[in-house]
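**Q** Given chain A, work out where chain B should sit, using these hints.
There are 2 protein chains.
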Amino acid sequence: MDKQLRLGLAGLGTVGSSVARLIERNRVELAGKCQRGIEITAVSARDPNKARGADLGSAMWFDDAAEMARSAEIDVLIELIGGADGIAYEAVTAALTSGKHVITANKALIAAHGVELARLAETRGVSLNFEAAVAGGIPVVKTLREALAGNRVSHVYGILNGTCNYILTRMEREHLSFEACLKRAQELGYAEADPTFDIEGHDTAHKLAILTSLAFGTEISDEDIYMEGISSITTADIEAADDLGYRIKLLGVAQRTESGIEQRVHPAMVPKASAIAQIDGVTNAVAIDGDFVGEIVLAGAGAGGDATASAVVGDIADIARSIRVPALGRPADLLTPYVRARMRAHEGGYYIRLMVQDRPGAFAAIATRMSEKGISLQSIVQKDLAEPTRARDENALKPVILITYDTMEAGVREALELIEADNVIVGPPQLIRIEKLY
Amino acid sequence: MDKQLRLGLAGLGTVGSSVARLIERNRVELAGKCQRGIEITAVSARDPNKARGADLGSAMWFDDAAEMARSAEIDVLIELIGGADGIAYEAVTAALTSGKHVITANKALIAAHGVELARLAETRGVSLNFEAAVAGGIPVVKTLREALAGNRVSHVYGILNGTCNYILTRMEREHLSFEACLKRAQELGYAEADPTFDIEGHDTAHKLAILTSLAFGTEISDEDIYMEGISSITTADIEAADDLGYRIKLLGVAQRTESGIEQRVHPAMVPKASAIAQIDGVTNAVAIDGDFVGEIVLAGAGAGGDATASAVVGDIADIARSIRVPALGRPADLLTPYVRARMRAHEGGYYIRLMVQDRPGAFAAIATRMSEKGISLQSIVQKDLAEPTRARDENALKPVILITYDTMEAGVREALELIEADNVIVGPPQLIRIEKLY
Chain A
1 MDKQLRLGLA GLGTVGSSVA RLIERNRVEL AGKCQRGIEI TAVSARDPNK
51 ARGADLGSAM WFDDAAEMAR SAEIDVLIEL IGGADGIAYE AVTAALTSGK
101 HVITANKALI AAHGVELARL AETRGVSLNF EAAVAGGIPV VKTLREALAG
151 NRVSHVYGIL NGTCNYILTR MEREHLSFEA CLKRAQELGY AEADPTFDIE
201 GHDTAHKLAI LTSLAFGTEI SDEDIYMEGI SSITTADIEA ADDLGYRIKL
251 LGVAQRTESG IEQRVHPAMV PKASAIAQID GVTNAVAIDG DFVGEIVLAG
301 AGAGGDATAS AVVGDIADIA RSIRVPALGR PADLLTPYVR ARMRAHEGGY
351 YIRLMVQDRP GAFAAIATRM SEKGISLQSI VQKDLAEPTR ARDENALKPV
401 ILITYDTMEA GVREALELIE ADNVIVGPPQ LIRIEKLY
Chain B
1 MDKQLRLGLA GLGTVGSSVA RLIERNRVEL AGKCQRGIEI TAVSARDPNK
51 ARGADLGSAM WFDDAAEMAR SAEIDVLIEL IGGADGIAYE AVTAALTSGK
101 HVITANKALI AAHGVELARL AETRGVSLNF EAAVAGGIPV VKTLREALAG
151 NRVSHVYGIL NGTCNYILTR MEREHLSFEA CLKRAQELGY AEADPTFDIE
201 GHDTAHKLAI LTSLAFGTEI SDEDIYMEGI SSITTADIEA ADDLGYRIKL
251 LGVAQRTESG IEQRVHPAMV PKASAIAQID GVTNAVAIDG DFVGEIVLAG
301 AGAGGDATAS AVVGDIADIA RSIRVPALGR PADLLTPYVR ARMRAHEGGY
351 YIRLMVQDRP GAFAAIATRM SEKGISLQSI VQKDLAEPTR ARDENALKPV
401 ILITYDTMEA GVREALELIE ADNVIVGPPQ LIRIEKLY
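If you read the protein sequences in the order shown, they are chains A and B.
147 is the number that my numbering gives to position 147 of the first sequence; each next residue is one higher, with no gaps.
3 is the number that my numbering gives to position 3 of the second sequence; each next residue is one higher, with no gaps.
Keep in mind that a hint or two might mislead.
Chain copies aren't distinguished; within one or between two, either way the pair holds.
No farther apart than 20 angstroms at their CA atoms in a straight line, the calculated lysine to aspartate or glutamate pairs in the DMTMM-like style are these [to be verified]:
#1 K373 with E417
#2 K373 with D422
#3 K373 with E420
#4 K398 with E420
#5 K272 with D242
#6 K436 with E409
#7 K3 with E414
#8 K373 with E239
I should point out that these hints are in silico values taken from the structure, not numbers from a laboratory.
If we strip away everything but chain A, and leave its shape as in the complex, we get:
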């Protein structure tokens, strides 16, 4: 047996506590599998007295995570502090620079500094593992980095944010508003007090940026992502989707196109019978399409202390077994610059919901604009909100739902701008892409 692997745990929140518990509970099995003892020998956390369900009494305590990262007490830094910069960045670079392996669950850090850190790890001959940074317990990093190494990936997409999926699932099942479901998610601890980061798609974008690099061998670009959140989704949209045979999911999608890589985060209509439509609540799922493997889908818990700890310990086992793979699947020098595909070149079907004033010619005006831009409509649904017997009221608003055939997004956006200028609709049009990836 090799000598014991000594871990320094930076951060003892939910995930850190679960990691400590896992290592304590499954210690013997883990040592057998790795042929090596694994021990938490050092810890750095804000409150050393917090109860954590695991005995860390014999670990050395550090007030400063970066000091721990440099100390001779550890072989591996496990960074569970969070944040793209500050102490997390400082501790990780300190560890790598002093020749220690790093495991992190920090998606913001990898999205912002992944390439630089990967290069640093390479230079020092150590591992930088971050399975827990994307989709919690689902082994998508390992799958892209190792199992699918033979494939040229054409697209990767998924449900990467449990908060949004929980809200959308509840809206659909219980016919509740976005606001009511968000409130419930906050009560259950699935959403932060300030939910912007989750519901506007930033969290999904960070994870997508990492997947994109692993899938396509490009540098990480987390700023060049088209992003729409779910806060504009209404029960009317959810119900219309249901009528049309779709569910609405917040997807992160990265696709290889002729003009570069398209990265986008937005609500999408997915066919009810598709595997991705069955992913409910806080579950995550990632689909990967490779030229030889075809499409594979991985689903499971995308967050939560225990599931994330499972990913962290998988990374620990790899280090204990001396598995060394470049952090981003290939040496940093071989990563190609990220070239963004222009989003307006996106082609697909669209769901459009307009609130139309009920007056003569309104509908004709809309249809004319769509036709001018060469957009063919697959279906048109006009639902009357008023009682059927009421006389026409020119101030009444009617939701009109249009489904287009595959078309270019630029044309759709131009048509909608013209329709808005025509003053026949009230409020902004709702535009949801119909995803045809599966």
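**A** Leaving out everything else, chain B in the frame of chain A:
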């Protein structure tokens, strides 16, 4: 860069040809990811002149795969011959004995000799990789062996045979008989001329035996598996399942119980809304439940040359990157003997279809026997096959469908034996387990 990795390819059927094509097409990317050239330097196949869509002109040809396995021309033997014994076994042991890594897609070989071969590989310090042997392109071996190393697994189950799933999917969608769907599967090349191995569950059992060992750290036992195939499933069962909110799938299930590991292969009713119910056609899926990760599901192409080649090349990349993990996830000496849980101790809900003679007291006799054995019925459906206006015909047969609450299988089997002895039913009872694992 390390020196080139030299591969010896034994077997040039569908999978072998795809492996050769993949390596040719994605050569540059693969070498970048592995920091090492990868080349097929030797080939052994029955017909050296067969066209295979890849240029193998510079590879050395061997008539004897075992001779190639021992030759100085290769670092890795890729065994794609098939069969538990004979030339495949001979070539693999020859390669391992002479210190060469082995990759195989041969589930029969691993199911029969996996522990012995794992031990041999360990002794010689080489890898034995077999991702392609279970569920084709889905990286389930790597996931169990590496990503989930921190978890104690409680169960693993899946749809592991594309032929059966194709037949069941078609029976459901098109209301066709088992025989008609099997014939179509044979025409499409999804089923062999002698389909027994697939449809009676043997293929699933081989894969399950391998998963069981990886999941629970036990020795492989492919003979101690309860097995039922799909040939007794009728359209009546498929339709009854549909009415009750289920689909019928052939599952392989391995479960940790107090008395040991339960391994079983049989058709099961799974709730329509479950992820596993969405797996249609030749797709495979595997669900794994670990104490920390919770349940994760992996789905994708379970067979076919290209998907299988993806798995083989993932294994090649691991070897090229010097990733060494014990073949069965832990050293062979740490594997525990497989202790079979008694199948009759299985507990769950059951679907029972009986063909009942339409005479007074028949139904009461059945209900009495169920009650005697303490079996509670959740629902009873009796469908009249005859015209509603027809008079009672004591020779007419009526299908009666019983759904039990959770109960012990032993009691159900005893009740059915008594009912058969009572002479109130015709033909054997149909018994399908209702799977509650998800």
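**Q** Evaluate each hint against the coordinates.
**A** Okay, the hints, checked on the actual structure:
1. Only within a single protomer do K373 and E417 lie at most 20 angstroms apart by alpha-carbon distance; the minimum there is 11 angstroms, versus 72 angstroms between protomers.
2. With identical chains, the CA atoms of K373 and D422 are at most 20 angstroms apart within one copy only, with a shortest distance of 15 angstroms there and 75 angstroms across copies.
3. In this assembly of identical chains, the alpha carbons of K373 and E420 lie at most 20 angstroms apart only when taken from the same copy (15 angstroms versus 72 angstroms across copies).
4. Taking identical chains as interchangeable, the C-alpha atoms of K398 and E420 lie at most 20 angstroms apart only when both belong to the same chain, with a minimum of 15 angstroms there against 64 angstroms between chains.
5. Proximity of K272 and D242 under a CA criterion of 20 angstroms is satisfied in both settings, with 8 angstroms inside one chain copy and 17 angstroms between copies.
6. Taking identical chains as interchangeable, the C-alpha atoms of K436 and E409 lie at most 20 angstroms apart only when both belong to the same chain, with a minimum of 14 angstroms there against 44 angstroms between chains.
7. Taking the shortest alpha-carbon separations for K3 and E414, neither the intra-copy value of 65 angstroms nor the inter-copy value of 56 angstroms comes in at or below 20 angstroms.
8. When the C-alpha separation of K373 and E239 is checked against a cutoff of 20 angstroms, the pair qualifies neither within a copy, at 28 angstroms, nor between copies, at 48 angstroms.
When the structure is compared with the earlier hints, violations turn up for hints 7, 8 and for no others.
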